[in-house]
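Using the sequences and the hints, build the whole thing.
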Amino acid sequence: MVVVLVVLVLGVGVFRPGFLDADNLLSTGRNAAYVGLMAAGMVFPLAMREVDLSVGGNFALSMVVGAVLMRDGMPPWLAVPVILLMATALGALNGVITTYARIPSFIVTLATALLFRGIALAFAAGKQIFEVPRDNSFFVDLGGRYLGVPVTLPLLVVLGAVLTLVFTRTRFGAQVRAIGSNPDAAAYTGLPVDRIRIQALAVSGLMAGVAGTLALAFFMSGDPTLGEGFELTAIAAAIIGGTALGGGRGSVPGAIIGALILALVTSALVFFRIPINWTSFATGAVILVAVAADAALRRYRTRTI
Amino acid sequence: MVVVLVVLVLGVGVFRPGFLDADNLLSTGRNAAYVGLMAAGMVFPLAMREVDLSVGGNFALSMVVGAVLMRDGMPPWLAVPVILLMATALGALNGVITTYARIPSFIVTLATALLFRGIALAFAAGKQIFEVPRDNSFFVDLGGRYLGVPVTLPLLVVLGAVLTLVFTRTRFGAQVRAIGSNPDAAAYTGLPVDRIRIQALAVSGLMAGVAGTLALAFFMSGDPTLGEGFELTAIAAAIIGGTALGGGRGSVPGAIIGALILALVTSALVFFRIPINWTSFATGAVILVAVAADAALRRYRTRTI
Amino acid sequence: MLRAAGLVKHYGGVTALDGGDIELRDGEIHALVGENGAGKSTLVKILCGVVTPDAGAVTLDDAPVRFAGPRAAAARGIAIVAQELSLFPDLTVAENLFIADLPRRYGLLSLATMERRAAPVLADLGLAEVPTRATAGELSLADRQLLEVSRALLTGPRVLILDEPTSALPAAAVDRLHAVLRRVAARGIAVLYISHFLQEVRRVADRISVLRDGRPALRGVPTAELGLDDLVRAMLGDAAPAHRPAARRHRPRSGPGVTLTDVDVPGRLAGVSLSVAPGEIVGIAGLEGAGHLAVLDLVCGLGRPAAGRVGLLGGPGPRSFRDAVRRGVAFVPGDRKRFGLMLDQPVWENATAVRWLGIGAGPWWRRGRELRARAETNLRRMRFRGDMYGLAGELSGGNQQKVVFAKWLDAGSAVIVLDDPTRGVDVGARGEMHEIVRELADDGRVVLLASTDLAELTELCHRVVVLRRGAVVGELSAGELTEQRLSTAINAGFA
Amino acid sequence: GDDSGGGGDEEGRLEMGIAVANVSLNFAIEMSDGATQAATDDGNVDFQVVGPPDTDGPAEVQLFQNLVTTARDGVILENLDPPLFTRPAAEAIDSGVPVIALDTSPTDGSKIEFYVGNDNYDLGAQMAGELLKHLSPTATGTVVVGVPNPGTPVLDNRAAGIKETLNAKAPGITVLGPFQTYSEPTKNYSAWSSLVSAHGDALAFLGVGDADSYDLARLKQEKNGKWLTAGFDVDDKTLQAVKDGTNFTTIDPEHYLKGYLASAMLIKSVRGELELPKGWFVSPGLIVTKENVDDVIQRGSTPAAAKAGYQSQIDSLLKDPAANTKPMDQAR
Ligand SMILES: Nc1ncnc2c1ncn2[C@@H]1O[C@H](COP(=O)(O)OP(=O)(O)OP(=O)(O)O)[C@@H](O)[C@H]1O
Ligand SMILES: Nc1ncnc2c1ncn2[C@@H]1O[C@H](COP(=O)(O)OP(=O)(O)OP(=O)(O)O)[C@@H](O)[C@H]1O
Ligand SMILES: O[C@@H]1[C@@H](O)[C@H](O)OC[C@H]1O
Ligand SMILES: [Mg+2]
Ligand SMILES: [Mg+2]
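Chains as they are written, first to last, in my numbering: chain F, 1 to 305; chain A, 1001 to 1305; chain S, 2001 to 2495; chain H, 3001 to 3332.
By construction, these hints were calculated from the structure, which means they are not laboratory data.
Keep in mind that a hint or two might mislead.
Some residues of chain A that are not near chain F, with every Cβ distance over 10 Å (derived) [stated by the list, open to error]:
#1 F1015
#2 P1017
#3 L1069
#4 L1078
#5 V1157
#6 R1195
#7 R1301
Cross-link-like lysine to aspartate or glutamate pairs, in silico, EDC-like; alpha carbons within 16 Å at most [what the hints assert, rightly or not]:
#8 K3243(H) / E131(F)
#9 K2337(S) / D1184(A)
#10 K3223(H) / D184(F)
#11 K127(F) / D3236(H)
#12 K3278(H) / D3244(H)
#13 K3223(H) / D3201(H)
#14 K3243(H) / D3295(H)
#15 K3220(H) / D23(F)
#16 K3223(H) / D23(F)
#17 K3278(H) / E3113(H)
#18 K3111(H) / D1135(A)
#19 K2337(S) / D184(F)
With the Cβ distance kept under 10 Å, some of the chain S side facing chain F (calculated, not the full set) [as the list claims (entries may be wrong)]:
#20 V2050
#21 G2069
#22 R2071
#23 A2073
#24 A2082
#25 E2084
#26 L2087
#27 P2089
#28 E2095
#29 F2098
#30 A2100
#31 D2101
#32 L2109
#33 L2111
#34 A2112
#35 V2232
As the structure is a computational prediction, the values presented were derived from the model and not from experiment.
Don't be surprised by glycine CBs; every beta carbon is placed ideally from N, CA and C.
Given below as structure tokens:
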């Protein structure tokens, strides 16, 4: 993974040195952070054989609700816990519906994606909400840079580390992996499968909320149309990073690196001046090559070790 | 399923008789047919634990290639086999890459979706292609109506029946289900897992091509931007129709009915004059309710039988 | 003391239990035996709260209990090792051991605590070598079975229930397990032990109960009062075979069979040569990792030699598993749940999968009637007890194994490779299956057999090839083939 | 009300409506607001708006077909993908429902004969002209043009207008692109961010879509860019960026006005008060700069303000529709 990431960066850099410009790499990283955070959260449902297609909607709703609260006078830093609580609750709601209506999470979250984005639309009444206190430290600091580095990036690293610990070293994480690994045995062993499902979807909701909060801090406005299609990119990033759709296995750092690779591919193509009608083709082709290379590399390594 | 479909139609019809207008129902059905055909094809990869996210791209490419061939003078009916062959080959290509590069089909088809659509864009030079011989029977008959019924609809029924037979009554169908049920056991039973995977993805490619052909006949133009997001709707339709994401089970008629339900929900909302800011919300909510009702009904039935 | 009385359980039209009862006394090992499908696992599932009985009562220390689920049972000190392995293949050994109650330190899993607590139990069962950080899916079937036993022991139970814990275990591991169970019983714990190895049962149990068709045939009779024949009669009733069918005369034919010539597989086999002729039943034996399973893999196309030659029916070695199957190799795997069955599909579809779906014989469309007829014939030959139209996952363990055998029988293969083919199968059916294997050999098939059950090897094989550390160390043929000598050869080699 | 409708029922109440490309973006909302206002002004029209949540051609086709079964007296069709509507529009017209096109010119076989839309090529040219006001006549360097999604005629025409005008009027300037900038706003931001890194020495970055405008502004602030930036449409954030001088202009296709005009003329023609001319009714656009941005902001604050703001234009344009109408095949 990391190898592919580095090869990609350096490979492009050789031909287009401007790509290696610190500012370009940092901005690309920051832009990838939103999907990266969602991908990190997505590892939890995926690892237990569930999926969350509502992260894009949750992301948009978080931004809009945050912007509305701030516009209407709530101190931004106070609004943050409200946003995160709401996003987590919506994630949990996905889990509750999946569990109690007994519908696959694919369908539930496909519908709640519309639902959440719909609430955002209704809330914003079709307008962008930008009358927020831009001079507040929430926007200046959280949305800005520190020593030239977008604050979002260290946060991504910290949150990634925390989620990695949660996934690999906590009881909750182990239960998530256990359920994904063998659902029958998990039920048989008496693991609280329903509760864990709700919690796993709550985690992915929370991360959508975190992404929404950071995007709000950066873009300084709430916009209900944001984040469309993010769910697929986030799932793809998680899978590229080694999470199995079939459950049981997952990697939070892998998911984040997966998101970075996808973002770098798009950005790199810009440096090669791909004509607009070929952009889509080139993006698809490069992703395929990058992922195939990664897969081949892994096979090679496990074979030689 | 059928119950939910009928209740939906009649329920809306009671309040908004205009909804029951034959013409309205027929055009809604026809519009659902494209996703319905893709959902029917999608049953094959899903039932063997694969997924095809490239059907939207394949659909667009089929339309564009068909339109270009017809514009450049190929007799439309002659272009049809070319389109279908190409769509099938692209589906098979998904299978070949998945098998030999050993990347999950989720990633492969996410990338080839971009690739196929990219080729369509490049091929069409970014334009919508509508300089086709509209008086040809391909457009007049295949795209038109017969005795007031859009020809697409009986075709949907026939193709649905054929695919149902293939899925339930042929060796290929049984192999697909066997692999989805337990891939390891299938391999240890001597099934040609790789070949079947390629064939299953070819089937879903073919159905995308069929949908593209029918759409071309109806819309009388090729448009590289068409069919975005169809893949998720098709997967959702298949799941609503009783196909398990975890493989082993599937239903072709279920998938088609699933697509009809999804289309009817959207269409019904028009008749209730939901304010536009709330349509997204209402769509999500009604889908949830419809699917939950269906699930509850099934449980009730299996309990009483 | 855990007691159950008058347990009744119906699954749809099937009566799994019809008045089952049992009394587990503290400090005693109580064995439960019975034919496949007699209701043993069902009884056990009721005891530990997995299944709710339709009638009957369970009492713990004379107080009635009704467990909401296995967790509730576990909370009262009832631990179970289920018949169908219920490990988490993606989790580490340590996580598997403690999944029900993971020890933590500062909120994080404490690997150190897990290792400390697990070490003595793992050592007792001979798992000391297994790294606790390895994922369970990488372990052998035997190690996984022992891992489950370890997991149950680690909960510190007062009632320990083991549903066929030794079906995949080699003899040495069985002995270690028995030693552990005796020690556990000595501490006052009640043990329920289910097995189809009647000798083994008689060795370890203080009392024995027998279930027949869901009803008790014997209730907690002290082992000393029971002979082997009494047991068999209680289990099978009038159907009990009067005598063991005599081994038929071995008539090897000329013609191509299976040959290995100076075969090397890095890390598994070194310079192995052997050949099996049509009509022969040859056992391949060894300790875990000795290379005997690698031999089976080569014949089935699951591996290719780095050096040397494999010959299959006069042709070259198989290129792949599928190639092997299509060229006439049948492989009955030991791990039926993973490699053998589609649990969510009907039995008859499972039983016809090799011929129709694997080899591709028959028309491309489904001829259901014909398929069902074939399935029925083969299943009847296996003494299958269950609903052919039901799902494979709803069968008792032994009957599942029969389905796996039946689907390979259907293929009509010339080379039959068997890996623990009678795992979990009751004595009666085991005898029947052995008879079928003999018939296959008489019919001129090549049969290769690996088994953790030494009795199976001695009863069935014309000769047994023994491997140690990837090399053939000797061969025992008809006259010299006894369990004693085989065990010595496997463990110590030929002096 | 009653669903049967049909031209001129008892009290002259009309069942009409508009289908828009989506119901979430400012441009579409403005058009539907304008169209709805014209119906309200008539006083006796039951007017319905339909559209998919996100831009989605086939979904809009379905909604359009549903709409023509209820709004039997007339339907305005706004979309970004005209070929899709060729047959559905023709079928609707054949069944007796008057249909006119809005924003994107209809295709040949659609049987739609009246279209209200901007001269998008000219809007692009105007943007180029505005840019040249901020550069010295002999300026040399590059200008990067971005288009959110390929294959959308409205946007392609704008890009062509920019490109061809700059090539003609400023020989020292090399126009690069158009490059794909994606319509989802965060992806749009990323795309521009990469474009700016890749062409750090460019004179200007010009986008032809709505997200381009405000994302370019945010980017310029973030990077303290010295380059010129501008895009289209009058989303709130875009107007803010013009007001504070970040973007030198935004081109307003005056969507509200377009929607109002289309709706008003359709209603009049259905009532028999107006013979609709055949062809393309050119709806004007506006160059928004620091000078007039406050008026535009005021105009966009409420539907009533919009009505007031556009009233004089509405009156004059409606006086003689034929005078503003060009042959359909010239639409661009
Ligand atoms: N979930 C189920 N659904 C339907 N039938 C079942 C189910 N579980 C068990 N049965 C049936 O109940 C009967 C008793 O099964 P059980 O598993 O208790 O047998 P057993 O004595 O453990 O056999 P074995 O020695 O093969 O393990 C069998 O006929 C089996 O098919
Ligand atoms: N659940 C069941 N229990 C008992 N018998 C069954 C069951 N299902 C099917 N059968 C038997 O199988 C026979 C064929 O059933 P059915 O017609 O459903 O199969 P089919 O798949 O149509 O077969 P074919 O492919 O030959 O047409 C029935 O006559 C019945 O005796
Ligand atoms: O101005 C609008 C543009 O911004 C949008 O992207 O497409 C439709 C146009 O009318
Ligand atoms: Mg059992
Ligand atoms: Mg039949």
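Against the structure, the hints come out as follows:
no., hint, verdict
1, F1015, "21 Å, holds"
2, P1017, "27 Å, holds"
3, L1069, "19 Å, holds"
4, L1078, "27 Å, holds"
5, V1157, "25 Å, holds"
6, R1195, "20 Å, holds"
7, R1301, "14 Å, holds"
8, K3243(H) / E131(F), "14 Å, holds"
9, K2337(S) / D1184(A), "10 Å, holds"
10, K3223(H) / D184(F), "54 Å, violated"
11, K127(F) / D3236(H), "8 Å, holds"
12, K3278(H) / D3244(H), "43 Å, violated"
13, K3223(H) / D3201(H), "13 Å, holds"
14, K3243(H) / D3295(H), "11 Å, holds"
15, K3220(H) / D23(F), "14 Å, holds"
16, K3223(H) / D23(F), "9 Å, holds"
17, K3278(H) / E3113(H), "5 Å, holds"
18, K3111(H) / D1135(A), "15 Å, holds"
19, K2337(S) / D184(F), "13 Å, holds"
20, V2050, "6 Å, holds"
21, G2069, "5 Å, holds"
22, R2071, "3 Å, holds"
23, A2073, "8 Å, holds"
24, A2082, "7 Å, holds"
25, E2084, "8 Å, holds"
26, L2087, "7 Å, holds"
27, P2089, "6 Å, holds"
28, E2095, "5 Å, holds"
29, F2098, "9 Å, holds"
30, A2100, "6 Å, holds"
31, D2101, "9 Å, holds"
32, L2109, "5 Å, holds"
33, L2111, "9 Å, holds"
34, A2112, "12 Å, violated"
35, V2232, "32 Å, violated"
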